[in-house]
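A.B. asks: As a plain string of letters, each chain reads:
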Amino acid sequence: MESRFRVFLLIAALALSASPVLIPMASAAEEKAGDKAEQKPAGENPVNEVIQQDPVIQPEVKRREVKQADVETENFEIGVFAGILSIEDFGTNPVYGVSLDYHVTEDLFVQGRLGYSEAGTTSFERLGGGVTLLADREYIYYDVALGYNLLPGEAYLTRDSAYTTSLYLIAGAGNTEFAGDNFFTIVWGAGYAVTASDWFAVHMDFRDHMFDIDITGEDKTSHNLEASLNITFYF
Amino acid sequence: MRKCFITLFLLVSSLSVSSLSSADEPEQHFVKVADPYIEMHTGAGRGYPIFYVAARGEWVQLLYRKTDWFRVKTEDGKEGWVSAAQLSMTLNPSGERVDIRDPNEKDFVVRDWEYGAMIGDFEGLAVISFYGGYHFTENISNEIILSQASGTVSSKTILSLLNIVHEPFPEWTVSPYFTLGTGWIRTEPKSTLAVTRDRTDQYANYGLGVRMHLTKRFLLRVEYKNYVIFTSRDDNEEIAEWKAGFGFFF
Numbered sequence: 001m002e003s004r005f006r007v008f009l010l011i012a013a014l015a016l017s018a019s020p021v022l023i024p025m026a027s028a029a030e031e032k033a034g035d036k037a038e039q040k041p042a043g044e045n046p047v048n049e050v051i052q053q054d055p056v057i058q059p060e061v062k063r064r065e066v067k068q069a070d071v072e073t074e075n076f077e078i079g080v081f082a083g084i085l086s087i088e089d090f091g092t093n094p095v096y097g098v099s100l101d102y103h104v105t106e107d108l109f110v111q112g113r114l115g116y117s118e119a120g121t122t123s124f125e126r127l128g129g130g131v132t133l134l135a136d137r138e139y140i141y142y143d144v145a146l147g148y149n150l151l152p153g154e155a156y157l158t159r160d161s162a163y164t165t166s167l168y169l170i171a172g173a174g175n176t177e178f179a180g181d182n183f184f185t186i187v188w189g190a191g192y193a194v195t196a197s198d199w200f201a202v203h204m205d206f207r208d209h210m211f212d213i214d215i216t217g218e219d220k221t222s223h224n225l226e227a228s229l230n231i232t233f234y235f
Numbered sequence: 001m002r003k004c005f006i007t008l009f010l011l012v013s014s015l016s017v018s019s020l021s022s023a024d025e026p027e028q029h030f031v032k033v034a035d036p037y038i039e040m041h042t043g044a045g046r047g048y049p050i051f052y053v054a055a056r057g058e059w060v061q062l063l064y065r066k067t068d069w070f071r072v073k074t075e076d077g078k079e080g081w082v083s084a085a086q087l088s089m090t091l092n093p094s095g096e097r098v099d100i101r102d103p104n105e106k107d108f109v110v111r112d113w114e115y116g117a118m119i120g121d122f123e124g125l126a127v128i129s130f131y132g133g134y135h136f137t138e139n140i141s142n143e144i145i146l147s148q149a150s151g152t153v154s155s156k157t158i159l160s161l162l163n164i165v166h167e168p169f170p171e172w173t174v175s176p177y178f179t180l181g182t183g184w185i186r187t188e189p190k191s192t193l194a195v196t197r198d199r200t201d202q203y204a205n206y207g208l209g210v211r212m213h214l215t216k217r218f219l220l221r222v223e224y225k226n227y228v229i230f231t232s233r234d235d236n237e238e239i240a241e242w243k244a245g246f247g248f249f250f
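Sequences listed follow chains A and B, in order. The opening position of the first sequence corresponds to residue 1 in this note's numbering, with each subsequent residue numbered one higher. The opening position of the second sequence corresponds to residue 1 in this note's numbering, with each subsequent residue numbered one higher.
Mixed in with the good hints, there may be bad ones.
[Stated by the list, open to error] Computed footprint of chain A on chain B, listed as stretches where at least three residues anywhere in the stretch have a Cβ under 8 Å from a Cβ of chain A:
#1 33-44
#2 47-58
#3 64-72
#4 131-142
#5 212-218
[Stated by the list, open to error] Once the Cα atoms are required to be at most 25 Å apart in a straight line, the calculated DMTMM-like pairs of lysine to aspartate or glutamate come out as:
#6 B/K32 with A/E154
#7 B/K106 with A/E154
#8 B/K73 with A/E118
[Unchecked claim] Away from chain B, derived, C-beta distances all over 12 Å, residues of chain A:
#9 T73
#10 D89
#11 S123
Calculated from the structure, these hints are not laboratory results. For glycine and all other residues, C-beta sits at the position ideal for the given N, C-alpha and C.
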């Protein structure tokens, strides 16, 4: 008999503690009382003063602070990208890398990128027969750019699904390590982002990496065009 | 029997206490609409269309925030984006206006960490640099700087772990600062030129600049630095550097 009673009480206890409705309601009411008592310093408001003097028995309730600043923010976006990079004089090659964005306002963001590609051969090398212009064909770049969301909008893929999109412009600077040398690089371009869900987006990026190079025997500004697909995650 | 009751009572009270505290952890923020209505947009930006309005007296849950927009959920499960300006017109459960505070000039003055990137000119070479700084006081901070300068003749990598920055008037909108630092500079001649050796030298520099708090966590910065490079030759090398860029503080 006693054990059955114990089980019954235990079930009741569990049900009470697990109930999502009763407790928040009770705690909200307690909070309300707690808030009023704690929020304003004494002397500022006569009503509060009365409340503060009033309670003989202080209920031991920990007031839950409701601060909007505690709401989780999702201003960062991290991503991986892959695409093609046309390295001037060295053919078009696959490129891949990582990106990190920080959204300052709804319009403005800062983007950092790190990319890797490998240069192909120049026509001189292909036709020259055994001539090698470069020993080191790695093309590694990093850059930091400011971005501006120029055209926010929505795309309707099917009748029932709409995705928020944005066309943005970016401009920035960075460094390219190519042919064993470092080149200061200006980068600019545009992209189109489709926010596929709360936490991830797909970007299409087109950009030009510009730097001065003299590897082919003349000083020139080389334009290296890149098209890539970037999958990003908000956090 | 009485003992059993007491243990059960203790169990119940401990469970309810623990459930109260665990209810605090995945904090849910509810606010009540106090204006005639608030507008819910499909995306986090003013250009996205309004698809729903929550009327006065409705409670909405704040899910998360992206820049100046809050993802909210109404009682009947509709989710959308509300601007911070509209949300500041709602009431929190204690009946007060929701306090949405963004980092401002005051936070800028008492910032702890600052990160940024700058570009400029390093005596004819184009330079890009990244820095991270920690503020010991409002006036004094140390910065770690990594720069890369490249030109037609050589490229240089500059690393500094010690850069003391003194800001005499941190509360000014355009706040000047002075800096003293030391580090290493590695010079690599261009591979298209005749082969010369790479070399690493130590340097010391002084500099001055200004910072300006622009908006939220964003700041602009311009600076001049004068480097003295302790070379192995008879004369030390002097280099002037100009840079401008942006940063963030946390």
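A.B. asks: Would A/T73 pass as off the interface with chain B, using Cβ distances and a cut of 12 Å?
C.D. replies: A/T73 not clear of chain B: closest Cβ-Cβ about 5 Å, inside 12 Å.
A.B. asks: Count the residues of the stretch 64-72 of chain B whose CB lies closer than 8 Å to any CB of chain A, then report whether that count reaches three.
C.D. replies: With 8 residues close enough to chain A, the hint holds.
A.B. asks: Can you take a look at whether the stretch 131-142 of chain B is actually covered by chain A? Rule is 3+ residues, C-beta closer than 8 Å.
C.D. replies: violated (count 0)
A.B. asks: Quick check for students: does the CB of A/S123 sit more than 12 Å from each CB in chain B?
C.D. replies: holds, 20 Å
A.B. asks: Say whether it holds or is violated: A/D89 keeps its Cβ farther than 12 Å from all Cβ of chain B.
C.D. replies: holds, 14 Å
A.B. asks: Examine the stretch 212-218 of chain B: at least three residues should have C-beta closer than 8 Å to a C-beta of chain A.
C.D. replies: Held - the stretch 212-218 of chain B has 4 residues with a Cβ nearer than 8 Å to chain A, which meets the minimum of three.
A.B. asks: Count the residues of the stretch 47-58 of chain B whose CB lies closer than 8 Å to any CB of chain A, then report whether that count reaches three.
C.D. replies: holds (count 3)
A.B. asks: Against the 25 Å threshold, does the CA-CA distance of B/K106 and A/E154 hold or violate the hint?
C.D. replies: Violated, at roughly 38 Å.
A.B. asks: Do three or more residues from the stretch 33-44 of chain B put their C-beta atoms closer than 8 Å to C-beta atoms of chain A?
C.D. replies: Since three or more residues must qualify, the claim that chain A covers the stretch 33-44 of chain B holds, with 3 doing so at under 8 Å.
A.B. asks: Does the structure keep B/K32 and A/E154 at a Cα separation of 25 Å or less?
C.D. replies: violated, 29 Å
A.B. asks: Assess, step by step, whether the Cα of B/K73 is no farther than 25 Å from the Cα of A/E118, and give holds or violated.
C.D. replies: Given that 25 Å is the threshold and the Cα spacing comes to 48 Å, the pair is violated.
When held up to the earlier numbered hints, the structure conflicts with 4, 6, 7, 8, 9 and fits the remainder.
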